[in-house]
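There are 2 protein chains.
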Amino acid sequence: MSEGTTGRGSLSLNQWTTRHWSLAEAVDGCVRHGLESIGLWREKVAEQGLAESVKLVRSAGLRVSSLCRGGFLTAGGLPGEEGRTAFARALEDNRRAIDEAAELAAACLVMVVGGLPGVRPGEALPTTGPAGGFTRDLAGARERVAEALAELAPYAGERGVKLALEPLHPIYCPDRAVLSTLAQALELSLAHPEEQVGVVVDTFHVWWDPRLFEDIARAGSRIAGYQVCDYLHPLPEDVLLGRGMMGDGVIDFRPITRAVQAAGYTGDVEVEIFNADIWAADPDEVVTTMKARYEDVVLPA
Amino acid sequence: MSEGTTGRGSLSLNQWTTRHWSLAEAVDGCVRHGLESIGLWREKVAEQGLAESVKLVRSAGLRVSSLCRGGFLTAGGLPGEEGRTAFARALEDNRRAIDEAAELAAACLVMVVGGLPGVRPGEALPTTGPAGGFTRDLAGARERVAEALAELAPYAGERGVKLALEPLHPIYCPDRAVLSTLAQALELSLAHPEEQVGVVVDTFHVWWDPRLFEDIARAGSRIAGYQVCDYLHPLPEDVLLGRGMMGDGVIDFRPITRAVQAAGYTGDVEVEIFNADIWAADPDEVVTTMKARYEDVVLPA
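These protein sequence lines map, in sequence, to chains A and B.
Under this note's numbering, the first residue of the first sequence carries the number 1, and numbering increases by one thereafter.
Under this note's numbering, the first residue of the second sequence carries the number 1, and numbering increases by one thereafter.
Calculated from the structure, these hints are not laboratory results.
One should not assume that every hint holds.
Computed, partial: chain B to chain A, Cβ under 7 Å [said to hold, decoys possible]: (1) Gln48; (2) Gly133; (3) Arg136; (4) Gly140; (5) Pro170; (6) His233; (7) Glu237; (8) Asp252.
Note that this is a predicted model, so its numbers are computed, not measured.
Cβ coordinates follow ideal geometry from the N, Cα and C atoms, glycine included.
Kindly produce the complete structure, drawing on both the sequences and the hints.
Written as structure tokens, this is what we have:
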């Protein structure tokens, strides 16, 4: 249990929810709204500078519930030199992410493992071919993830960082994560010590899974993070922005929160929303709504 | 093994692929292109008339690889009288679908089980409330499906019709099917005799599933239908139309076809594509392309 939690986790603002705030503004916002924890993004940390970011969160007395994100480990599945170069570059970038997570004392580094080799997030499929193409070898892509983790887990372990494998909704399988279910993330994590590799439960991604409650129980102390946001219906044209404020979509949160708690998770509960309307709104109002909805629909009665 | 198949199934045109053809035109098209089998839709059968449809497919010597579709069994999860009425109406409509499948000697009646009670396909979420609302009770919706099947399976069995449970991609969980994985469909089927309830493997819906190959093997003789089409990326705004011609998306078909054959499936292989561009094209050209792609990317080398 982290210092300052109730043993049931406390609410954390993932800073992408208030995307237009700088890291300094998001830290101030957390303090102003009485939050004890924040989830950070590498882009925002880079803008603020790593040392300055560390200083800001420490002075504010905030915990860092996660750093988003490492991953994109599958490009090694491209043939020949292109694949080898991409794999080496991905490992190097992830080592930097681990270093940053260590500096920030983040509870975990969230890993979005990457999609089919050669398919870029949100972009049209490239022309298939040996150079500049993509591969449909899904099983192979999953093997690349396991290989990369074998390299990265000990590196993370030496720096006291936990890699948190995030299964993404199957809609993102082509371009963002060949890891689609909690069971699959859990199985992948088991090859490594628990302090090195865990899993993230993000309601948006897993709410539909018929094995969800069984797998949350099985995951137990491997649960390294719990993220909440709603699943909007219908999804907007850019499916990445289909995440909604809790209560605005189709998810029944309380049973999931209860299951995550029953599995032994005592960390923070992060709210991470990608949504054009929410980004356009006044961030202070967004945080006020977030706090109210957390009490109303996320926390068990 | 059906008469006239090679023991490896033969290519079947699901008539929604050539949506602008009437049933009579689709039957003619199959004959003209040398296809032995057709997948029918209830709407098209109704337009042509059931008796006339039966006559047309029989005179043409075509097998009916499936009738689409029964299902939408979850509305009984709405509270009170509204739920009871909806459940009774769904059962009645499904009995009519079973009668039609029997008349047409369809190899199976495809079942799209329905989404969250009160959420209409492709429409925005209704206001939550006791009347005219919807429910987020996903587990309850799944129980409603099991209850409805218990009513319908014996009725189907008496008429020699096999209900084929179709797991749909999780993107359709809110509004079309709370059945999201092959494992889940298979488990649901096991409560009933094999000749009454089976499962459909549709590549679009299950390609991403990390347990796919294991579950196809487990499904074995429960596999009542095999449908192929590609998964486009990115999906179009109306996600229902994200189905593409085989080879135009991200799916590696051959390993899946091989697994379905290895599981013992000897029925037809249906091509069912919902796609605005394909519907706008000349149906004869679509069928020609479909035959070529079936040989090139679907059938194992």
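A quick look at each hint next to the structure:
1. Gln48: With Cβ-Cβ at 32 Å, over 7 Å, it is violated.
2. Gly133: violated (12 Å)
3. Arg136: Interface hint status for arginine 136(B): holds (4 Å vs cutoff 7 Å).
4. Gly140: Since the shortest Cβ distance to chain A is 10 Å, the answer is violated.
5. Pro170: holds (4 Å)
6. His233: At 4 Å from the nearest chain A Cβ, histidine 233(B) passes the 7 Å test, so the hint holds.
7. Glu237: holds (4 Å)
8. Asp252: Constraint on aspartate 252(B) satisfied, holds at 4 Å.
Hint compliance for this structure: hints 1, 2, 4 are broken, all remaining hints hold.
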